[in-house]
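Protein sequences, first through last, are from chains A and B.
If you read the first sequence in the working numbering, its first letter stands for residue 17, the second for the next number, and so on.
If you read the second sequence in the working numbering, its first letter stands for residue 17, the second for the next number, and so on.
One should not assume that every hint holds.
[To be verified] These stretches of chain B come out as covered by chain A in the derived footprint (C-beta under 8 Å, 3 or more residues):
#: 1; segment: 45-54
#: 2; segment: 129-142
#: 3; segment: 182-188
#: 4; segment: 202-208
#: 5; segment: 211-220
[Unchecked claim] DEER-style ranges, computed between Cβ atoms:
#: 6; chain 1: B; residue 1: L213; chain 2: A; residue 2: S36; range: 38 to 46 Å
#: 7; chain 1: A; residue 1: T90; chain 2: B; residue 2: Q119; range: 43 to 51 Å
#: 8; chain 1: A; residue 1: Q210; chain 2: B; residue 2: A215; range: 25 to 33 Å
#: 9; chain 1: A; residue 1: E40; chain 2: B; residue 2: A122; range: 33 to 41 Å
#: 10; chain 1: B; residue 1: A215; chain 2: A; residue 2: P117; range: 38 to 46 Å
#: 11; chain 1: A; residue 1: E268; chain 2: B; residue 2: A215; range: 27 to 35 Å
#: 12; chain 1: A; residue 1: E106; chain 2: B; residue 2: D105; range: 29 to 37 Å
[Said to hold, decoys possible] Partial selection, computed: residues in chain A whose CB lies under 7 Å from chain B:
#: 13; residue: S75
#: 14; residue: R79
#: 15; residue: V143
#: 16; residue: G144
#: 17; residue: K196
#: 18; residue: I203
#: 19; residue: C204
It is worth saying that the hints were derived from the structure and are not from the lab.
Quantities reported herein were computed from a predicted structural model and do not represent experimental measurements.
Where a beta carbon is used, it is the ideal one built from N, C-alpha and C, also for glycine.
Protein chains: 2
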Amino acid sequence: MAAELLKGKPIADKIKVEVSAEVEALKAKGVTPFLVAIQVGENAASAVYTGAQKKVAESLGIRYELRELPAETTQEELIKYIEGLNADDEVKGIILQMPLPAQIDARAAQWKIAYSKDVEGMTPHNVGLVTYFAPRLAPCTPAGAVELIKSTGVDLYGKEVVVVGHSDIVGKPTAMLLLKEFCTVTICHIATGQRGLTAQHVGNAEIVVVAVGVPGIVKGEWIKEGAIVIDIGINKVGDKIVGDVEFEAASEKAAYITPVPGGAGVATTAMLMKNLVEATKWQLEMK
Amino acid sequence: MAAELLKGKPIADKIKVEVSAEVEALKAKGVTPFLVAIQVGENAASAVYTGAQKKVAESLGIRYELRELPAETTQEELIKYIEGLNADDEVKGIILQMPLPAQIDARAAQWKIAYSKDVEGMTPHNVGLVTYFAPRLAPCTPAGAVELIKSTGVDLYGKEVVVVGHSDIVGKPTAMLLLKEFCTVTICHIATGQRGLTAQHVGNAEIVVVAVGVPGIVKGEWIKEGAIVIDIGINKVGDKIVGDVEFEAASEKAAYITPVPGGAGVATTAMLMKNLVEATKWQLEMK
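The shape of chain A in the complex, shown without the other chains (with noise of 0.2 Å):
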């Protein structure tokens, strides 16, 4: 069986359409959606991530401003920074640009943004909504996962689910949205691997999500015939870039695969828009 690509333009493209309407409505009523991403200290990577936010933002009627704060930037001023764009009616919503200095405590930084301007979903507030299956702003590379898996038209009630990999970013919210639908979901990660376990666990999963960072982690063998195999890994090999999951072998089993790149990751900047709409429309019933 060859898989099926299941690429992130397509939902990407989708998502797009919406929000670009939900943006032309906000704004008919007097209301901008405006998102602010704060970098500190230069960084290449970072460059290129926000020059594409911008881009998309822009295409969709959206105001953005890429805030570029010294390198030297102090917790307590990082604080201050956002505890001013909280307090400011006009923005709708913050990110803070990873990778931060050595002396910024990132999480705590990030923690501090009003959860309704929390685009990214990272603050515990949001996190807790998206554990208790009531998710206003759901992390984006999650929900976007999730979008893609539906795009097959599967019917995910009571689907056998397999999670490798438990960060916060996106294995943990990855399961939620999934026990949120109802799929019966074993979450993995390096202890599991270590016992030789991830295999077995893999081997009886009707969908597989992967986000751990190790090329190739996940080996073709170990796909259910038929499984829908989601790969969020990017890892660069050589001048290559290629998932968690080996993709040739895997293919080989799997009814529906996400390249890499190109699959999984494709859509989440436009669940970043689609955030911003919903935190203007939260902060909006909030007056």
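With chain A held as given, fit chain B onto it using these hints.
Below, chain B alone, put in the same frame as chain A:
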């Protein structure tokens, strides 16, 4: 094999000794942990529960007050009452007793409790902290269940865990607390059962936690030889109280099993008092 009984009382007693010492230390600093339970309308079951809370609290030197609001209290009035307690510096912990009258949205009211006073660990912020593996005020029954498991001396790292039931109050937080200990965690629920796959998952589990509320829904024959079985169900069948696991049959296979009653539920009130101490400290830090 006849399983060893995992009783809740030794755990509860151990927690109480610790709490009592901490309460004394706080009082020496001039701070009295003070717990307020709000009860809306009358309820016989709830009266038993608050009576027990008061007794345990006072035995540990904790100030405890039951505030009884009339059955016809509106949502707005209840929230105003909670906000008053949030603002009252003397009050260190707030419990909203369930059940509530039909006109009250229990979740919306509970979520108004200041997170640093949320001794039941039910606000989204505290749920998010549990998901972040940074629990501060974790839900009491799940925290007690983890203590029970640890009391067997088992090394949790890499253990195969199945949680049956995905409730907000027990299933999901228990799964997160065990994932934090690097267990490989599978969460089963009604959809797993409808596909007939719960037996298979439970059969692979070294640790099983069951919180469904259906007598004997987990069959004794499903249990893996040597497993630890934590039964959080409390069901009335005739005039007997039974759990969610077939106790006799499961005892033949498990290494450890909680009795019902007398098992997992017993530590809950002690955990509540432990959370009150933690809440008191948290509020002192925030000053």
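Each hint, compared with the structure:
Closer than 8 Å: that is the beta-carbon criterion, and the segment 45-54 of chain B has 0 residues meeting it against chain A, so the requirement of 3 is violated. Using a Cβ-Cβ cut-off of 8 Å, 4 residues of the segment 129-142 of chain B lie near chain A, which meets the minimum of three, so the contact claim holds. Coverage of a stretch by a chain is defined here by at least three residues with a beta carbon nearer than 8 Å to that chain's beta carbons; for the segment 182-188 of chain B and chain A the count is 3, and the condition holds. Here's how the segment 202-208 of chain B fares: 7 of its residues keep a CB closer than 8 Å to some CB of chain A, so the rule of at least three is met and the hint holds.
Counting residues of the segment 211-220 of chain B whose beta-carbon sits less than 8 Å from any beta-carbon of chain A gives 3, enough to reach three: the coverage restraint holds. Distance hint check for B:L213 and A:S36: the Cβ-Cβ separation is about 42 Å, which falls inside the suggested range of 38 to 46 Å. Taking 43 to 51 Å as the suggested C-beta distance range, the pair A:T90 and B:Q119 conforms, at roughly 50 Å. At about 27 Å, the CB distance of A:Q210 to B:A215 agrees with the hint of 25 to 33 Å.
As the Cβ distance of A:E40 to B:A122 is approximately 38 Å, the hint placing it in 33 to 41 Å holds. Between B:A215 and A:P117 the C-beta distance comes to about 52 Å, which lies outside the given range of 38 to 46 Å. Between A:E268 and B:A215, the C-beta spacing of about 31 Å keeps the proposed range 27 to 35 Å intact. With their beta carbons about 35 Å apart, A:E106 and B:D105 fall inside the hinted range of 29 to 37 Å.
Hint on A:S75 is violated. Least Cβ distance to chain B is approximately 32 Å, over the 7 Å limit. Checking A:R79 against chain B by beta carbon gives a least distance of about 29 Å; that is not within 7 Å, so the hint is violated. Satisfaction of the interface hint for A:V143 is found here, the shortest Cβ-Cβ separation to chain B being roughly 4 Å, below the 7 Å cut-off. The criterion of a C-beta within 7 Å of any C-beta in chain B is met by A:G144, whose closest approach is roughly 3 Å, and the hint holds.
Interface hint status for A:K196: violated, as the beta-carbon distance to the closest one in chain B is roughly 9 Å, over 7 Å. A distance limit of 7 Å between C-beta atoms decides the matter here; for A:I203 the minimum to chain B is near 5 Å, and the interface restraint holds. Look at A:C204: its Cβ gets to within about 6 Å of chain B, closer than 7 Å, so that hint holds up.
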